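Chemist: One-letter residues, chain by chain:
2 protein chains.
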Amino acid sequence: MSGERARLFLYDTTLRDGQQTQGVQFSAAEKTEIALMLDALGVDYIEGGWPGANPTDSDFFAAVPRTRAVMTAFGMTRRSGRSADNDDVLAAVLDAGTAAVCLVGKSHDFHVRAALGITLEENLTSIAASVAHAAGRGREVLFDAEHFFDGYAANPSYALDCLRAALDAGARWVVLCDTNGGTLPARVGEITAAVIAAGIPGDRLGIHAHDDTGNAVACSLAAVQAGARQVQGTLNGLGERCGNASLTTLIPTLLLKEPFASNLVTGVGSVSDLTRISRRLDEILNRAPDRSAPYVGASAFAHKAGLHASAILKAPQTYEHVDPALVGNERVIPMSNQAGQSNLRARLAGAGIEVAPGDPALAAILTSVKEREDQGYAYDSAQASFELLARAHLERLPRFFEIERYRVTVERRLNAAGRRISVSEAVVVVRLGEERIMSVSDSVGASGEDAGPVNALWRALAKDLGRWQPAIEDMALTDFRVRIIGAGTEAVTRVIVDSADSRGQAWSTVGVSPNIVDASFEALVDAIRWKLIRDRAV
Amino acid sequence: MSGERARLFLYDTTLRDGQQTQGVQFSAAEKTEIALMLDALGVDYIEGGWPGANPTDSDFFAAVPRTRAVMTAFGMTRRSGRSADNDDVLAAVLDAGTAAVCLVGKSHDFHVRAALGITLEENLTSIAASVAHAAGRGREVLFDAEHFFDGYAANPSYALDCLRAALDAGARWVVLCDTNGGTLPARVGEITAAVIAAGIPGDRLGIHAHDDTGNAVACSLAAVQAGARQVQGTLNGLGERCGNASLTTLIPTLLLKEPFASNLVTGVGSVSDLTRISRRLDEILNRAPDRSAPYVGASAFAHKAGLHASAILKAPQTYEHVDPALVGNERVIPMSNQAGQSNLRARLAGAGIEVAPGDPALAAILTSVKEREDQGYAYDSAQASFELLARAHLERLPRFFEIERYRVTVERRLNAAGRRISVSEAVVVVRLGEERIMSVSDSVGASGEDAGPVNALWRALAKDLGRWQPAIEDMALTDFRVRIIGAGTEAVTRVIVDSADSRGQAWSTVGVSPNIVDASFEALVDAIRWKLIRDRAV
Numbered sequence: 001m002s003g004e005r006a007r008l009f010l011y012d013t014t015l016r017d018g019q020q021t022q023g024v025q026f027s028a029a030e031k032t033e034i035a036l037m038l039d040a041l042g043v044d045y046i047e048g049g050w051p052g053a054n055p056t057d058s059d060f061f062a063a064v065p066r067t068r069a070v071m072t073a074f075g076m077t078r079r080s081g082r083s084a085d086n087d088d089v090l091a092a093v094l095d096a097g098t099a100a101v102c103l104v105g106k107s108h109d110f111h112v113r114a115a116l117g118i119t120l121e122e123n124l125t126s127i128a129a130s131v132a133h134a135a136g137r138g139r140e141v142l143f144d145a146e147h148f149f150d151g152y153a154a155n156p157s158y159a160l161d162c163l164r165a166a167l168d169a170g171a172r173w174v175v176l177c178d179t180n181g182g183t184l185p186a187r188v189g190e191i192t193a194a195v196i197a198a199g200i201p202g203d204r205l206g207i208h209a210h211d212d213t214g215n216a217v218a219c220s221l222a223a224v225q226a227g228a229r230q231v232q233g234t235l236n237g238l239g240e241r242c243g244n245a246s247l248t249t250l251i252p253t254l255l256l257k258e259p260f261a262s263n264l265v266t267g268v269g270s271v272s273d274l275t276r277i278s279r280r281l282d283e284i285l286n287r288a289p290d291r292s293a294p295y296v297g298a299s300a301f302a303h304k305a306g307l308h309a310s311a312i313l314k315a316p317q318t319y320e321h322v323d324p325a326l327v328g329n330e331r332v333i334p335m336s337n338q339a340g341q342s343n344l345r346a347r348l349a350g351a352g353i354e355v356a357p358g359d360p361a362l363a364a365i366l367t368s369v370k371e372r373e374d375q376g377y378a379y380d381s382a383q384a385s386f387e388l389l390a391r392a393h394l395e396r397l398p399r400f401f402e403i404e405r406y407r408v409t410v411e412r413r414l415n416a417a418g419r420r421i422s423v424s425e426a427v428v429v430v431r432l433g434e435e436r437i438m439s440v441s442d443s444v445g446a447s448g449e450d451a452g453p454v455n456a457l458w459r460a461l462a463k464d465l466g467r468w469q470p471a472i473e474d475m476a477l478t479d480f481r482v483r484i485i486g487a488g489t490e491a492v493t494r495v496i497v498d499s500a501d502s503r504g505q506a507w508s509t510v511g512v513s514p515n516i517v518d519a520s521f522e523a524l525v526d527a528i529r530w531k532l533i534r535d536r537a538v
Numbered sequence: 001m002s003g004e005r006a007r008l009f010l011y012d013t014t015l016r017d018g019q020q021t022q023g024v025q026f027s028a029a030e031k032t033e034i035a036l037m038l039d040a041l042g043v044d045y046i047e048g049g050w051p052g053a054n055p056t057d058s059d060f061f062a063a064v065p066r067t068r069a070v071m072t073a074f075g076m077t078r079r080s081g082r083s084a085d086n087d088d089v090l091a092a093v094l095d096a097g098t099a100a101v102c103l104v105g106k107s108h109d110f111h112v113r114a115a116l117g118i119t120l121e122e123n124l125t126s127i128a129a130s131v132a133h134a135a136g137r138g139r140e141v142l143f144d145a146e147h148f149f150d151g152y153a154a155n156p157s158y159a160l161d162c163l164r165a166a167l168d169a170g171a172r173w174v175v176l177c178d179t180n181g182g183t184l185p186a187r188v189g190e191i192t193a194a195v196i197a198a199g200i201p202g203d204r205l206g207i208h209a210h211d212d213t214g215n216a217v218a219c220s221l222a223a224v225q226a227g228a229r230q231v232q233g234t235l236n237g238l239g240e241r242c243g244n245a246s247l248t249t250l251i252p253t254l255l256l257k258e259p260f261a262s263n264l265v266t267g268v269g270s271v272s273d274l275t276r277i278s279r280r281l282d283e284i285l286n287r288a289p290d291r292s293a294p295y296v297g298a299s300a301f302a303h304k305a306g307l308h309a310s311a312i313l314k315a316p317q318t319y320e321h322v323d324p325a326l327v328g329n330e331r332v333i334p335m336s337n338q339a340g341q342s343n344l345r346a347r348l349a350g351a352g353i354e355v356a357p358g359d360p361a362l363a364a365i366l367t368s369v370k371e372r373e374d375q376g377y378a379y380d381s382a383q384a385s386f387e388l389l390a391r392a393h394l395e396r397l398p399r400f401f402e403i404e405r406y407r408v409t410v411e412r413r414l415n416a417a418g419r420r421i422s423v424s425e426a427v428v429v430v431r432l433g434e435e436r437i438m439s440v441s442d443s444v445g446a447s448g449e450d451a452g453p454v455n456a457l458w459r460a461l462a463k464d465l466g467r468w469q470p471a472i473e474d475m476a477l478t479d480f481r482v483r484i485i486g487a488g489t490e491a492v493t494r495v496i497v498d499s500a501d502s503r504g505q506a507w508s509t510v511g512v513s514p515n516i517v518d519a520s521f522e523a524l525v526d527a528i529r530w531k532l533i534r535d536r537a538v
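Residue numbers (my numbering), protein chains in the order written: chain A, 1 to 538; chain B, 1 to 538.
These aren't lab readings, by the way, just hints derived from the structure by calculation. Any given hint could be a false lead.
One copy or any two copies: either way a pair holds, since identical chains are not told apart in the list.
[Said to hold, decoys possible] The calculated EDC-like cross-link candidates involving lysine to aspartate or glutamate, where the alpha carbons are at most 20 angstroms apart (straight line), are:
(1) Lys-370 with Asp-59
(2) Lys-370 with Glu-411
(3) Lys-463 with Asp-501
(4) Lys-257 with Glu-404
(5) Lys-370 with Glu-30
(6) Lys-304 with Glu-320
(7) Lys-314 with Asp-109
(8) Lys-314 with Asp-282
(9) Lys-314 with Asp-273
(10) Lys-314 with Glu-371
Just so we're clear, the structure is a prediction, and the values are computed from it rather than from any experiment.
This is chain A alone, in the form it adopts within the complex (with noise of 0.2 angstroms):
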């Protein structure tokens, strides 16, 4: 690779292939959440998803969100024995009115044969009608050449054929599949080059990789090194099977690692946000984050080597291939030593608590830090508590209100009208110096139907904090995320709630107890208190 900069486009499949892996079930209106991520980081392609294939996507479709990325489709060529005009599967795809559609198709002979049981020639004809009927009705088309490289290894000059077929129909782009995942890279490399020698143009060409012998990465690399200027893949490498390409890989070696970074150019301006991008999916999916992901992982720069951790204090390049700071990412080294207490101390600066430097109180943050989070508490993920936890060790947590007690009863049973209902039902009794306040509430969920213990806790305490009512008004619970530590019903909870104001502040707070309401109720008062302090700094 040399000369001018060329552009390489990225496909994000996050939204469909990432849906295929088990367990992940997006809703509408996470999918607009991610694809709302993938359009600020710069991605040229947001897969939406399969329109017409399930309740989902269709609801995902008919509500898209405008994006400056080119929002796709998802479909299959026509069925056989149909025309494109009439098969209802592929009309479905088109009603979804993208800019773009992503048809995928067969380009192994076998798999003709086989999977769908006509001839070789049949075949072409229903890629090319496919791909012609999409773009006669103004649509970008991608081809996806299912088993591209299985298919070239068995049969390359009708591999070849099906390719042309889409190319001659009026597709943009035709993408090599490796469906099954197990093609090695130095083969990916080969066999792109070539299709690019047997006339496809690189500029056309795309390259789909999954990671079934941990090598997603690598393929695409050797495509992309051979010629391919489409690059697909998924963020944090969700997918069918061992997931897909990472995007979350792909994308910083591609921006910040030679040959690539000079000989290329992509939408992408910056990989500062990858690391927030990356951890705010895993909290969607309710996954803790891969902490060995390469750049974005917790681990990704955390030096734990003695000879290393005392090398990169010196000179980072040592033991860094890049500077953390650039994927967003922080650099860690061990608690106990010196540059443990100055991030501590950089840390509490910003938010706007100032200890001087050798201060004994921060040596004993660091250590109940390190043993809260032994017990399952989670700081990164909750800033206010951590706060809260430092400004307890230097004296400067002031005692707004005391919890004497709480009760909380969720009751499951047949109604006067016959119907099964559950009642959930919180009483809290708060101290403020003399003053004692006796609340109760119910809990109302959005639909006026009971939310459960959580809901009912957080409206008994917000109704009646007696002076510091304001700020609670103000206040609102913009997310809960729970998480178990451990195994069994016996292990330890974990409650991370997310909170907002009027005045555009968030804050997130942690409670850990073997229960999960005494968990969820620690983490709301945390989140009353940081905000009491925060009003009072104003």
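Once you have looked at the hints, place chain B on chain A.
Modeler: For chain B alone, kept in the frame of chain A given last:
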């Protein structure tokens, strides 16, 4: 690669570099167990640790297990200003008495000057003297050339001189280490080929790659394809930062896939125990196994897409690059909204529920699955609840018992001693035909403390189920997972419960409700119902 099959040596460093993983700290007994697993697998070298560096490693070498694999002690070349005879760190490594020692040293001129502060010539002398000292005491010696690829890029002749110094002094192997993990596969292949072209024999050359760009496996394969004949890595890719090259991924690729399988031979005869070994390591580490891990992950052969699942039933090779049985893993056809009638029937048959093709219940079940997954149910993670749903549609679900009502209370208050405690209590009323059973229980966690409302409900429910009691006595809840769908405290909660019994059966059930207690209860009741059906079938 052609001609007769060349011997490729496998070098495992799980017990040394793997221990650099954040959060990993093996005991000496765990090291012994892992060493014996590696030996049974058939690796050639086991790097056991750094004798003298910490008490665990010293304890492990003091009672080192007997292995067919060559046990190797890790250390570093002599420190500057000391003779090899007079370096106590090097002495501790040799005192471990292993057949082989692996000594790490510098090969990048920048590091020699910046980190060691010695001349380039002094470093060569140090490498030669250290290797000669160990070889002179009868040890097989390996030299780990730290930062080799960056060093070769900066000063190729000096990097090669470091390798020659080690080989000339008697090293059996020189190992090219990509210490920072930033070198991409194509470059690793080029440099390895250049090293061999410069006269370093491939059968004395090893590769040690890290996963900082997600390419550790691909880098290792590139070096082997270029002629290196030793591969270093760890089980499950443990290791500093993003981890080392995963031998769990590399070994099946080398044994089962071309061009490696036909051209190379290793000491590993079969990989049919690989999945078990990988999962056992996760058990030792108390980590959830990576579902998407190549070859051994629980999802590695899971076919969620409807089109894939129906093709798999006709011919497994359509969507599997290797047979899962070869690596001791299993094919999974999960239920999901992507599934069609053909795999639905297969899935039901697998659960002992035979349904005729075209039975109208099949369409009703699929519709119901889609609707309920839209509400938040996740049947691919909860096969037992799926079976119950299908049975309800097929009118093959006995009414074992009915829940008339339940009530659960959580109270937090000060106890008589002034200590803050929480108490959970549940009442459940069950009907079995004419019989009405009312049970009450509090919650008791592993250490006798309150464990929350779900634990209390389970205990009350399991206390007395009349004639079904024997089935309940035989089951235990093994895991409990909570996911909030949507946002805010008013969102819907999905709970998945894993259960097991004394016959080794394990099953998962799901419940969904805005009320977390109610969702949990639904999953608990499903778990019992599934168990009753399965017991009756036995």
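Chemist: If the cutoff is 20 angstroms on CA atoms, where do Lys-314 and Asp-273 land: within, between, both or neither? Let me know, please.
Modeler: neither (27 angstroms within a copy, 45 angstroms between copies)
Chemist: When no copy is named, should Lys-314 and Asp-109 be tagged within, between, both, or neither for a Cα gap of at most 20 angstroms?
Modeler: Between copies, since 16 angstroms is at most 20 angstroms while 59 angstroms is not.
Chemist: 20 angstroms Cα cut-off: does Lys-370 pair with Glu-411 within a copy, between copies, both or neither?
Modeler: For Lys-370 and Glu-411, neither the intra-copy (39 angstroms) nor the inter-copy (29 angstroms) Cα distance is at most 20 angstroms.
Chemist: Please sort Lys-463 with Asp-501 into within, between, both or neither, judging by C-alpha distance up to 20 angstroms.
Modeler: within (17 angstroms within a copy, 46 angstroms between copies)
Chemist: At most 20 angstroms between CA atoms: does that hold for Lys-370 and Glu-30 within a copy, between copies, both, or neither?
Modeler: between (33 angstroms within a copy, 17 angstroms between copies)
Chemist: Check Lys-257 against Glu-404 for me: Cα-Cα at most 20 angstroms, and say if that holds within a copy, between copies, both or neither.
Modeler: neither (58 angstroms within a copy, 64 angstroms between copies)
Chemist: Cα distance capped at 20 angstroms. Does Lys-314 pair with Glu-371 within a copy, between copies, both, or neither?
Modeler: For Lys-314 and Glu-371, the Cα distance exceeds 20 angstroms both inside one copy (28 angstroms) and across copies (54 angstroms).
Chemist: Is it within a copy, between copies, both, or neither that the alpha carbon of Lys-304 lies no farther than 20 angstroms from that of Glu-320?
Modeler: within (13 angstroms within a copy, 38 angstroms between copies)
Chemist: Classify it for me, Lys-370 with Asp-59: is the Cα-Cα distance of at most 20 angstroms met within a copy, between copies, both or neither?
Modeler: between (45 angstroms within a copy, 13 angstroms between copies)
Chemist: Checking Lys-314 and Asp-282: alpha-carbon separation at most 20 angstroms within a copy, between copies, both or neither?
Modeler: Classified as neither: same-chain Cα gap 34 angstroms, cross-chain 35 angstroms, threshold 20 angstroms.
When the structure is compared with the earlier hints, violations turn up for hints 2, 4, 8, 9, 10 and for no others.
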